[in-house]
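Student: Each chain, letter by letter, is given below.
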Amino acid sequence: MRCKGPLFVKHFPDHWNRKTWRSFVAEIERLVEHSYQPRLILDFTNTTVVGQDAIDLILRCVEQIERADGRVSVAGASPEIELILELTRMTSVIDMLPSVPVTSDGEFIPRIPTQDGLHNLAA
Amino acid sequence: MVTRDSPDQPVGHYPGTWSATWPVVGKTVLERWLKRVHDSGAGVVSVVARDAQPPSPLRTMLDWASGGVEKILLIILGSYADIDLVDLVHFHHQGRNRVTKVFDRQGPLGISLHDRGAVLKHSKGISSQQTAAPARYDFRGYATRLSSTISYRQLVQDALEGRCDIQPAGYQVGENVWIDPSAELHPSVRIYAPCYIGADTHLHAGVTVTGFSSIERNCEIDLGTTVDHSCILPNTRLASGLHVANSVVDGRRLEHLDRGLVVDLGRAGLSEVRLPGKRVDQNAIPKLRQRRSCAGERSFPCSENFKPESSSDAM
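Taken in order, these protein sequences are the chains called A and B. Going by numbering that gives the first Met the number 0, the first residue of the first sequence is number 0, and it counts up by one from there. Going by numbering that gives the first Met the number 0, the first residue of the second sequence is number 0, and it counts up by one from there.
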C-alpha cells in the first residue's frame, strides 16, 4: 500500500523500561489522531538488540498506524535484527529500508520531537 | 575414533562450525560410525577426544599395538562416508600394506588402517620417510566433510533424500517421512516430505514442517511456527508464529546458513533450551511469545493418527 500522508521518523531506543514504552506508544497514538495515511519510519540505526518488548512495540505501532491507513517501516536495522524481524514474520506487515531516507535536497528528514508534541515534518 | 569434541559432553562451538554432538536424523555421526565399525566385525572400539590428555589418540594406538592388536583402524571424526570397512580391510590385506589411507575425489577422508608393526615403529621414533609410503584406497561412494554447519545441513538433506546410507531413526510413516513413535503431533500439523521428527518432540497446532527439515529429539515447536529447510537440534523449544528458514537452531542460538549470521533467539524470547525428559507443560508456554490461543489443542501419538501430506500437495 502506498501512503500519501505525512512521513515521520522516530528513533527506536536500544533499552526499554515501562515509562519509555508508554511514552513511545502515546506519541504514536497522538500521531494517528492528527494525521491520515501517515508513514512512520522507525530508525534502528543505533539499535543493537531486539527483545520481546521491542517486537511487541513494533506490532503496537503497526496496529496504531494501520488505524489511520498508514504504513510502518524499519530503517537502518542491523542484519541480525533484520533476521529476527523476518523470523517473527514482522516483515509481512512492515517495510524494511536499508537506511533512513533523505529528502530530495539530500537532507535527513527531521525526527519527531520526543517532548514537544507531534509535527507534520515532511508532507 | 578421534573426535574434536569430547564424546561425553557437548561443547560450545564457533559460528559456522559443526559439532560432533549434533545428531543427523536421530543419531550422531559418531554413533553411526560406531555402528559401521561394529558391523565390520572390529573387536575393540575406543573414542578419544583429539585434545584429550591422557590418553592421546596416538597413546591409545600404541597401547593397543603393544597389547597385540594386529590392525588398527583410525577414524578422525570430521567426515562421514558410506565406506565398506570390510572391503578396506581386504584391500589392506591383499596389498600387504603397513598403512592404508582412504581418499575420495577431494583428498584424504581422515580414515586409515594401520598394521601393528607400523604403529610400533612410529613409537620408536622411526619417521614416516624411513617407512614405506602409505597405500591409497580410493573411495568413490558417498562422502562428505563435516567442516561447517552448511555441510551438516547438506548431510541431513542427503539422508532424507536417500542419497547416502544413513537411515533416519523412528518409523517411516510416509514416503520420506520419519517420525519417532514418542513424538506428539497435533492433528493440524502439516508435514511435507521429506522430513524427520525425533523422539519426545512435540509439535503444537498449526505447525508446518517442510523443505527437508529435521527436528531432533526433545524439541517443542509452538503454535503456528513453520520450519522450512532447517534443522532443529535436540532440546530446542521454538516460540509460536515463527518462520524459521535455511537455518540450524540449537537451543537459543540460530545460525542462518545463507547469510552466515548467528543470532541469540533467547534474548528476544523466541526460543529456549528444553530440559531433556521434560514433558509438555502448557503452563510454561506463555513464557515464550504466544500470539494465539492454544484452546482446543490436544496431543496424540503420531503413529496412530498422523498422515503426512505428499510433496505434490505442497506445490
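Worth double-checking, as some hints may not be accurate.
FRET-style restraints, in silico, Cβ to Cβ [unchecked claim]:
id, chain 1, residue 1, chain 2, residue 2, range
1, A, S98, B, D137, 41 to 47 Å
2, B, H37, A, V92, 28 to 34 Å
3, B, S147, A, R88, 24 to 30 Å
4, B, R162, A, Y35, 55 to 61 Å
5, A, D94, B, D38, 41 to 47 Å
6, B, G259, A, R88, 20 to 26 Å
7, A, E28, B, P275, 51 to 57 Å
8, B, E160, A, V92, 32 to 38 Å
9, B, N245, A, G50, 31 to 37 Å
10, B, S146, A, D94, 35 to 41 Å
11, A, D55, B, R58, 53 to 59 Å
12, B, L274, A, S91, 47 to 53 Å
13, A, L58, B, L57, 37 to 43 Å
Footprint (simulated), chain A over chain B, 3 or more residues, beta carbon under 8 Å [claimed, not checked]:
id, segment
14, 89-102
15, 174-185
What the hints contain is simulated information worked out from the structure, not anything from laboratory work. Glycine residues also receive a C-beta, built at the ideal position from the N, C-alpha and C atoms.
Student: Each hint needs a verdict: does it hold in this structure or not?
Tutor: Evaluated hints:
With their beta carbons about 54 Å apart, A:S98 and B:D137 fall outside the hinted range of 41 to 47 Å. Separation of B:H37 from A:V92 is about 54 Å and departs from the stated range, judged on CB atoms against 28 to 34 Å. Taking 24 to 30 Å as the suggested C-beta distance range, the pair B:S147 and A:R88 conforms, at roughly 28 Å. Evaluation of the 55 to 61 Å hint for B:R162 and A:Y35 yields a pass: the beta carbon distance comes to about 57 Å.
Taken as a hint, the range 41 to 47 Å is violated for the pair A:D94 and B:D38, whose Cβ atoms sit roughly 56 Å apart. Taken as a hint, the range 20 to 26 Å holds for the pair B:G259 and A:R88, whose Cβ atoms sit roughly 22 Å apart. Between A:E28 and B:P275 the beta carbons are some 46 Å apart, a value that contradicts the proposed interval 51 to 57 Å. Range check, B:E160 to A:V92: Cβ separation about 35 Å, and the 32 to 38 Å hint holds.
Separated by about 24 Å at the C-beta atoms, B:N245 and A:G50 break the suggested range of 31 to 37 Å. With their beta carbons about 38 Å apart, B:S146 and A:D94 fall inside the hinted range of 35 to 41 Å. For A:D55 and B:R58, the hinted distance range of 53 to 59 Å is satisfied, since their beta carbons lie about 56 Å from each other. Roughly 33 Å separates the CB atoms of B:L274 and A:S91, a value that falls outside the hinted 47 to 53 Å.
The supplied range of 37 to 43 Å is broken by A:L58 and B:L57, whose beta-carbon atoms lie about 58 Å from each other. Against chain A, the segment 89-102 of chain B contributes 0 residues with a C-beta closer than 8 Å to a partner C-beta. That does not satisfy the three-residue criterion, and the hint is violated. Only residues whose C-beta sits within less than 8 Å of a C-beta in chain A count toward coverage, and the segment 174-185 of chain B has 0 of them, not enough to reach three; the restraint is violated.
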